[in-house]
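K.L.:
Start from the sequences, fold in the hints, and give me the full structure.
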Amino acid sequence: MMDSSEAIYNGLKDAGIDFIVSVPCVNLSKILDMLNEDDEITHIPVTREEEGIGICAGAYLGGKKTAILMQNSGLGNSINALKSLTELYNFPLLMIMSHRGTDGENIVGQVPMGQSTPRLLEAMNFKFFKPDTPEAAYEDIKLSWNLSEEEGLPVSILLEIKYW
Amino acid sequence: MTRRDAILEIMNQIDDELIICNIGFPSRELYDLEDRDKNFYMIGSMGLASSIGFGLALAKPDKDIVVIDGDGSLLMNMGSLVTIFANNPKNLTWIVIDNGAYGSTGNQDTYAKVIDLVDIAKSVGFKNSYNFNEIDLKEIINSDDVSFIVYETDAGNSSAPIIDLDPVTIKKRFMKSIE
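Protein sequence lines correspond, in order, to chains A and B. The opening position of the first sequence corresponds to residue 1 in the numbering used here, with each subsequent residue numbered one higher. The opening position of the second sequence corresponds to residue 1 in the numbering used here, with each subsequent residue numbered one higher.
Treat the hints with care, since some could be wrong.
What the hints assert, rightly or not - Keeping only pairs whose Cα atoms sit at most 25 Å apart, straight-line, the calculated SDA-like set for lysine to any residue is:
1) K63(B) x G16(A)
2) K60(B) x N90(A)
3) K63(B) x N90(A)
4) K90(B) x G63(A)
5) K90(B) x P45(A)
6) K83(A) x G79(B)
Unchecked claim - Among the chain B residues that face chain A by a calculated CB cut under 10 Å, a handful are:
7) S51
8) A59
9) P167
10) M175
11) I178
What the hints assert, rightly or not - Non-contacting residues of chain B with respect to chain A, defined by C-beta distances greater than 12 Å in every case (computed):
12) L8
13) G106
14) D109
By construction, these hints were calculated from the structure, which means they are not laboratory data. Model, not experiment: these values are computed from the prediction. Positions of the beta carbon are idealized from the N, C-alpha and C atoms, including for glycine.
P.N.:
This is the structure we're talking about:
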């Protein structure tokens, strides 16, 4: 069985992603370490997720294939940019989200946003996947960049607590 | 000085640099003054001009990128000062037109009136942080560090029309111009 973090990393690599911005989550920490070791991927930590959405748009203008890694709380911090920049200009973007506030969460503050996250994505008309296993996550991520480019919309991968 | 005249002054020194221009009247005035394929006009997402310019600067290290930002927009994305400084994209020149007002929404005051943006950028660490009237823009664009330039103007808007290009066209022709 694939390691849960390696599956994400391998999916990003095989999707051709070469530019990533991030705001950390403890569940993403192993992937972030792998990105920092990878000379083929530009990895830029950002101060706030919305800023990262802008940076990804600029990098795409310059020919990069872009992704953001963040907690689902970052979706809330990014909604206007995702609509009035990413969607408005048909920028593709892969969003890898640690979906906190799901089954097994031990921090009560994560629960309200966690419960609303899938419904927010539905309301925004953005496709998302909720892989249960590393194998499924790898396949979903590998295909999501092309899907995002075809649609001209962000595509999200929600990684619930039980995924890890 | 008006913002429109400031944009004209900037454009007089622009050759083949790529420009990311802030939402609202700044983009409308640039479009009216000198439309070109190498201009990316923001139609939404206030605050993100510097972020877009930074991402582009990283992706295209051999191109010179000029961001035309505004004081209200900078205040909405102050973290960008830190991210950009820490990464030092030396091909990025970030110009903030500071009119102390949210111009496009009716010239309400911004807090930029009570602070000094040049000093703030210096305190973050920017070596090249200047007022526009102290510098030769071309020298700054060609310098080996990221640059932060404040261009003080009066508040107010010209009669520049709404941009009649759709956003996807703005993006596509901009990307084609880079190839």
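K.L.:
Of the hints stated earlier, which fail here?
P.N.:
none
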